[in-house]
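A.B. asks: Residue numbers (the working numbering), protein chains in the order written: chain A, 1 to 255; chain B, 1 to 323.
Keep in mind that the hints were calculated from the coordinates and are not lab data.
For glycine and all other residues, C-beta sits at the position ideal for the given N, C-alpha and C.
Worth double-checking, as some hints may not be accurate.
[What the hints assert, rightly or not] Here are the computed lysine-lysine pairs in the DSSO-like style, where the Cα-Cα straight-line distance is at most 30 Å: (1) Lys218/B <-> Lys289/B; (2) Lys234/A <-> Lys289/B; (3) Lys320/B <-> Lys289/B; (4) Lys234/A <-> Lys282/B; (5) Lys162/B <-> Lys234/A.
[Unchecked claim] Stretch-level coverage of chain B by chain A, calculated; a stretch enters the list once three of its residues show a Cβ under 8 Å from a Cβ in chain A: (6) 44-56; (7) 170-184; (8) 240-254; (9) 280-294; (10) 297-311.
[What the hints assert, rightly or not] Here are some, though not all, of the chain A residues that point toward chain B, as calculated from beta-carbon distances under 10 Å: (11) Trp14; (12) Asp16; (13) Asp53; (14) Val220; (15) Ala246.
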Amino acid sequence: MKIVVLVKQVPDTWGDRTLTSSGVLDRQASESVIDEINERALEVALSYQDSNDAEIVALTMGPASATDVLRKCLAMGADSAVHVVDDALAGSDLGWTSAAIAAAISKAGYDLVIAGNESTDGRGGVIPAMVAEHLGVPHLTFLTSVEISPERISGERDTENGTVSVHAALPAVISVTERSAEPRFPSFKGIMRAKKKPLDVLTIADLDPDILSGMGRSVVLTATQRPARSAGTKVVDEGNAGNQLAEFLAAEHLI
Amino acid sequence: MSNVLVLAEVSNTGQIRNSAGMLLAAASSLGTPVAVVAAAPGAGAALVEPLGALGAQLVYVAETDQVDVLLSSPQVEALVAAAHALTASTILLANSADGRDVAARLAVRLTAGLAIDAIGVREENGRIVATHSVFGGSYTVESAFDGEVAIVTVRQGAIEGKADAAIPTVTTESISVDAASSGVIDAVHEAVTATDRPELRAATTVVSGGRGLGSAEKFVLVEHLADALGAAVGASRAAVDAGYVDHALQVGQTGVTVAPQLYIALGISGAIQHRAGMQTAKTIVAINKDADAPIFDIADFGIVGDVFTVVPQLIEAIGKRTS
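Turn these sequences into a full structure, and let the hints steer you where they fit.
C.D. replies: So this is what it looks like as structure tokens:
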């Protein structure tokens with residue numbers, strides 16, 4: 001089985017994240033890391049590979065610096081990596097992103113595509129189902145548990161209204177939540193071996209030059225930073241803080 | 001006025017999901033609100049009156065016997081059919097798990113522009129403009145669309161107000177759905193909502209508890225304060241990971257984003273990932289033993305103290321004021 005795991009380089013959620021006024025991520029302003037959810041997606045693939053015959057490809061689209069996240073995936077155990085990088089894709093919306101990723105997946109070949117349920121930066125959560133539509137295959141998204149077999153995939157889908165048991169025939173695209181798997185750490189041996197694993201770099205011309213033509217687009221008009229919140233009243237409880245808080249809430253007409 | 005389509009999500013027991021009201025309210029500000037439902041043959045009729053009460057002037061019922069069997073594709077086909085039949089160029093869906101999946105596939109099918117998680121949507125010079133709150137509310141971003149069709153998912157609870165009730169006209173069409181490219185629903189386990197508390201995403205007051213509560217048993221303190229205030233209950237990821245409460249209550253970067261009038265954080269340190277889910281609350285109150293907890297940096301009223309002594313006193317004081 002060939003499994004493609006989608007990964008993304010994102011600004012670290014533990015630090016400040018900055019947009020330019022045109023709404024593009026300021027990559028200089030924060031540390032870039034592999035999105036935590038992608039490590040879980042990769043773990044789902046790796047744990048299948050632990051006891052089954054499988055080839056795992058880590059795939060990302062992003063600037064040159066995104067090589068780092070692919071190296072991390074290779075160190076964790078992915079067999080090869082694909083990096084879609086093209087200046088024409090900078091600032092892509094969801095439509096362009098999904099089209100380019102789907103074209104790269106088609107080129108790589110796949111039985112199963114595994115993604116995180118949503119990235120920590122964009123939080124869109126739509127790329128997996130968009131990719132599935134481009135590929136003409138089923139999607140199962142927001143899975144908290146996954147069972148992979150050679151012909152089909154099944155799992156529990158987490159929604160606002162409860163859980164849903166779902167399955168699909170392969171090939172398919174799935175996305176997993178943070179409850180799906182605890183990722184392993186790369187071993188020293190894994191890190192050393194990662195350096196020799198294949199990493200393909202593809203541009204739009206290597207995929208299909210027509211993939212982006214004719215698509216509607218979402219375009220950012222403005223991006224405005226909100227004023228930072230400042231601390232208000234802070235009291236140390238000396239036996240009466242609960243009453244003081246009640247007075248504050250009453251004065252603010254909140255009770 | 002142009003037709004604005006809204007996907008009305010319906011449970012497998014025929015209940016219209018809460019998001020329909022908010023979406024129809026948004027649609028009524030843009031054009032003629034049209035509710036689109038995918039329903040089993042004959043099941044759509046019962047939905048017409050309630051959708052009219054929520055503001056739908058037209059209800060487009062797309063009938064297929066696959067509606068409770070196939071994942072997303074009945075709704076995608078319903079919207080494709082409605083968009084063509086009604087020449088609609090704006091389609092609104094909830095930013096729910098189901099709504100996002102449908103919006104995703106629909107956008108590719110219609111080669112439409114897709115904007116997600118809008119907290120507002122308006123028309124400006126003939127263009128649809130969506131407003132988004134990104135990076136946990138640190139930025140406000142406005143987006144528009146190039147192309148003929150705009151698809152927007154709207155954050156649940158983000159839009160207040162209600163469309164005027166209408167007696168809708170009804171169009172019923174039969175649709176066919178391709179099972180081969182669709183996931184299959186085997187069983188639905190609806191969350192048990194035995195609680196009378198408001199829904200977390202839409203609540204005007206939220207009381208959240210963190211690791212500082214110490215155990216699942218002691219977490220009831222959060223519930224007691226929530227009930228005294230008529231509030232929803234939330235939790236930090238640390239409290240969820242420690243098993244105090246269910247994952248569905250997690251507020252933060254990877255959980256629910258809330259923007260209530262009042263947010264009370266009990267025993268929550270306020271890691272940046274938690275703040276990303278609540279820092280746009282109008283008023284923030286924090287109670288924590290640790291005077292250096294980062295939550296105090298954004299709290300309008302902070303108390304350095306023990307939640308187990310401060311909160312009971314607060315509940316008693318609230319009781320005195322309301323009785």
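A.B. asks: Of all the hints numbered above, which does this structure not satisfy? Sort the numbers upward.
C.D. replies: 5, 6 and 13
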